[in-house]
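2 protein chains.
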Amino acid sequence: MKYETFDSALRSTWQLVSKMYNKEANKFDSTMATGFALLSIDADGTPSTTLGPKMGMEPTSLSRLLSTMEERKMIYRSQNPNDGRSVLIHLTSFGKEKRDDSKDVVLHFNKKIEESLTTEKINAFFEVMNCIKESSQNFEHFTPVLK
Amino acid sequence: MKYETFDSALRSTWQLVSKMYNKEANKFDSTMATGFALLSIDADGTPSTTLGPKMGMEPTSLSRLLSTMEERKMIYRSQNPNDGRSVLIHLTSFGKEKRDDSKDVVLHFNKKIEESLTTEKINAFFEVMNCIKESSQNFEHFTPVLK
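Each protein sequence line maps, in turn, to chains A and B.
In terms of this note's numbering, the first sequence has 76 at position 76, counting the first letter as 1, and numbering is strictly consecutive.
In terms of this note's numbering, the second sequence has 277 at position 130, counting the first letter as 1, and numbering is strictly consecutive.
So that you can see chain A by itself, here it is in the shape it has in the complex (with noise of 0.2 Å):
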């Protein structure tokens, strides 16, 4: 290889962006996770049931974290009247208030991020990302086992 992995780049550009992402939550004692879930529920409200695969969370881990923003009153739960055996996340109004905190830096952070780059570098950037996406759906190197 005469370049970093593709991988080894990926990792540890992502734990310095959670890095800082849990840098900016910590300052309302807060976390990365409650953000990113803040911002994946929507104003009519999203079955909980969406909410894992849609935030890559574990159920345990998501029904700890939705726990822990209920207590602080960031969202609350009603039944979901298209499916009795499952509930629907909405955000309160402070959960709203906390989504267009966590959406403002977001935005800011991409938007830093986008004016020093050239739409060229942009582009082949999500190209790569894209490609690397491909290639791991795809990939199998030992012979699969049959357990």
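Derived by calculation from the structure, the hints in this document are not laboratory data.
Mixed in with the good hints there might be a few duds.
[What the hints assert, rightly or not] List time: in silico SDA-like cross-link candidates among lysine to any residue, alpha-carbon distance up to 20 Å:
{"id": "1", "chain 1": "A", "residue 1": "K133", "chain 2": "B", "residue 2": "K170"}
{"id": "2", "chain 1": "A", "residue 1": "K112", "chain 2": "A", "residue 2": "N22"}
{"id": "3", "chain 1": "A", "residue 1": "K27", "chain 2": "B", "residue 2": "T290"}
{"id": "4", "chain 1": "B", "residue 1": "K259", "chain 2": "A", "residue 2": "T5"}
{"id": "5", "chain 1": "B", "residue 1": "K259", "chain 2": "A", "residue 2": "S8"}
[As the list claims (entries may be wrong)] Residues from chain A that keep clear of chain B, each with C-beta distances beyond 12 Å, as calculated:
{"id": "6", "residue": "G45"}
{"id": "7", "residue": "T49"}
{"id": "8", "residue": "R64"}
{"id": "9", "residue": "K73"}
{"id": "10", "residue": "Y76"}
{"id": "11", "residue": "R77"}
{"id": "12", "residue": "N82"}
{"id": "13", "residue": "D83"}
{"id": "14", "residue": "R85"}
{"id": "15", "residue": "F94"}
{"id": "16", "residue": "K96"}
{"id": "17", "residue": "R99"}
[Said to hold, decoys possible] For each label pair, taking beta carbons as the anchor points, the in silico distance ranges come out as:
{"id": "18", "chain 1": "B", "residue 1": "T207", "chain 2": "A", "residue 2": "K23", "range": "18 to 24 Å"}
{"id": "19", "chain 1": "A", "residue 1": "T50", "chain 2": "B", "residue 2": "T207", "range": "29 to 35 Å"}
{"id": "20", "chain 1": "A", "residue 1": "N138", "chain 2": "B", "residue 2": "E151", "range": "18 to 24 Å"}
{"id": "21", "chain 1": "B", "residue 1": "T266", "chain 2": "A", "residue 2": "E70", "range": "46 to 52 Å"}
A virtual CB, placed ideally from N, CA and C, is assigned to each residue, including glycine.
Please build the complex by placing chain B on the supplied structure of chain A, with the hints as guidance.
Same frame as chain A, now just chain B:
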């Protein structure tokens, strides 16, 4: 934003890559974290204290991971001759074998991505990655809180 945000591309791509590495590792009842640890331990042994920062892992998770790897006879510990309070982590011959397997997967995966891209695009990708890293290290949105 004309684009998907940079952080959301990072997060979702990194999630797919980890899923793939975990899938490969699971074929041997192992995990991506184990493979990453194997690749982070030097031939002469690595102080356990430098391993956490190197891998971006919290001490508790790292200590749990190392115990599992010790049980599986991939690593052993020795006293650090340069620092009585710390231990060195070494690979056993089984660990070395597994390290070579991990290295193969990483190289093969990265080669596959590299082959489908132009040098120009790859360079732009790493340039954007560095720009995101720098931006996250200098970024501050909310006023710091004095606690």
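Violations among the numbered hints: Failing hints: none at all.
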